[in-house]
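There are 2 protein chains.
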Amino acid sequence: MRNIRMIVEYDGTKYRGWQRQTATDMTIQGKLEHVISEMVGKKTEIVGSGRTDAGAHAYGQVANFHTKSTLSIKEMYQYINQYLPQDIVVKELKEAGPRFHSRYNVKGKKYVYRIWNESTASVFHRKHSYHVPQALNLELMQEAAAKLVGTYDFLPFSSVKKSEKTTVRTIESITIEKKDAFVEITIVGDGFLYNMVRIITGTLIEIGSKKKKPTYIDEIFSVGKRQNAGETVPSQGLFLIEVYYN
Amino acid sequence: MRNIRMIVEYDGTKYRGWQRQTATDMTIQGKLEHVISEMVGKKTEIVGSGRTDAGAHAYGQVANFHTKSTLSIKEMYQYINQYLPQDIVVKELKEAGPRFHSRYNVKGKKYVYRIWNESTASVFHRKHSYHVPQALNLELMQEAAAKLVGTYDFLPFSSVKKSEKTTVRTIESITIEKKDAFVEITIVGDGFLYNMVRIITGTLIEIGSKKKKPTYIDEIFSVGKRQNAGETVPSQGLFLIEVYYN
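Here the protein sequences line up with chains F and D, keeping their order.
If you read the first sequence in the numbering used here, its first letter stands for residue 89, the second for the next number, and so on.
If you read the second sequence in the numbering used here, its first letter stands for residue 89, the second for the next number, and so on.
So here's chain F without its partners, still in its complex pose (with noise of 0.2 Å):
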């Protein structure tokens, strides 16, 4: 069996996520599924980095399934981009060693959260990221970011239910920049929890529009509750950049 390996980059909008869900739910899974099926003429299944959230986007998600076609990569580049929907494009695709599962051998992953900070709304970026017509400042906004960088528990930053698994991750840098009008939140970590980057996202807008101090972090951290935290902002601005592999 050959192994392929995929970089998929899609626009989330109309979208239910990436895990499919039913037979014809609207998913990214389901339409690649689909594709991939029609081409190797058998119902072939493709393992995703991690889910998506319905309505957030893709620059780097990583995907693999096996098969059993002579096909060359070239040909399924080809075949796969052709029939796929305007909203999902396979960026890359490679033999991968039989061994590579896209979801076991995560290392870790590269998000952003993108926020369009001027008064008025962009009618070009309005799907592809949040507005926040307020002006945000971006060094209280780093301030409070370096106190979520570390090793914790990272539960009151999610929508995670009481759970038998850790809700401990690591989060290895976070960064805030201005370009042009957009507010940019990058943050790498080993695994994020549900929910994480946009409840992270929306605590760090309080801050930065001075609704609270850095600080703040630290009471959420210590109260240790999700309803402590900041509101989780919409999906349309986040974006899978990167998933990393050793």
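Calculated directly from the structure, the hints in this document are not laboratory data.
Careful: at least some of the hints might be erroneous.
Claimed, not checked - List of simulated lysine-lysine pairs, BS3-like, C-alpha gap at most 30 Å:
| # | chain 1 | residue 1 | chain 2 | residue 2 |
| --- | --- | --- | --- | --- |
| 1 | D | Lys182 | F | Lys215 |
| 2 | F | Lys198 | F | Lys162 |
| 3 | F | Lys179 | D | Lys299 |
| 4 | F | Lys266 | D | Lys182 |
Please read all numbers here as calculations on a predicted model, not as lab measurements.
Following the hints, complete the assembly by docking chain D onto the known chain F.
Relative to chain F, chain D alone:
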């Protein structure tokens, strides 16, 4: 009567262009007039700086309207942006002198044509750019563009049929820049004939992809016929950036 001047940004994807044609068609002018008429309680016509094509976009279309309304500038700004569809935004609104006329007073315009110049299409920019997969040589395009700067009869670079009016126009500058994966062609001139920016762009793409040489421009001018120039590239890459007045 007050004379109100606006700067309008729009994503033209869903529209049949700026100019209202029937009472109910999807045009930017029609949408604005509908909201403004409701606001002032009286059927109100607006004047734009000129048409934009079906599917083309604007960062800085200028329009004005006359009204006896006593609403403040701030109230108008808020009302209009609240009731406009999300793909149209009034970025600026102010009182103009009584004689200001958005179309008659135009001194020049700046357009950008945006090309996505990567082998794979972009899922995020596909509605606001034109995908050219083959690599473009910017030096050749710049050499050709320099031949278009000046005062010439641009009839062969337009879709104008025989006309009583002059087809002589002045292009003040053309710059061609690489910005990440985009190639952006920026054209400033005193006026533009129908399809002129899109045909100039189509011609420059033929030169940048080495199907033609920069001297192709000289040939088109000397023969003087539309069918000798490049194709009319799609409107989705075209942006009206700014309108100049004295």
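Against the structure, the hints come out as follows:
Under the criterion of a C-alpha separation no larger than 30 Å, the hint pairing Lys182(D) with Lys215(F) is consistent with the structure, at around 29 Å. For a cut-off of 30 Å, the pair hint linking Lys198(F) to Lys162(F) stands: about 28 Å separates their Cα positions. Straight-line distance between C-alpha atoms of Lys179(F) and Lys299(D) comes to about 27 Å, which keeps the hinted pair within the 30 Å bound. Among the hinted pairs, Lys266(F) with Lys182(D) is consistent with the structure: their alpha-carbon atoms are about 29 Å apart, no more than 30 Å.
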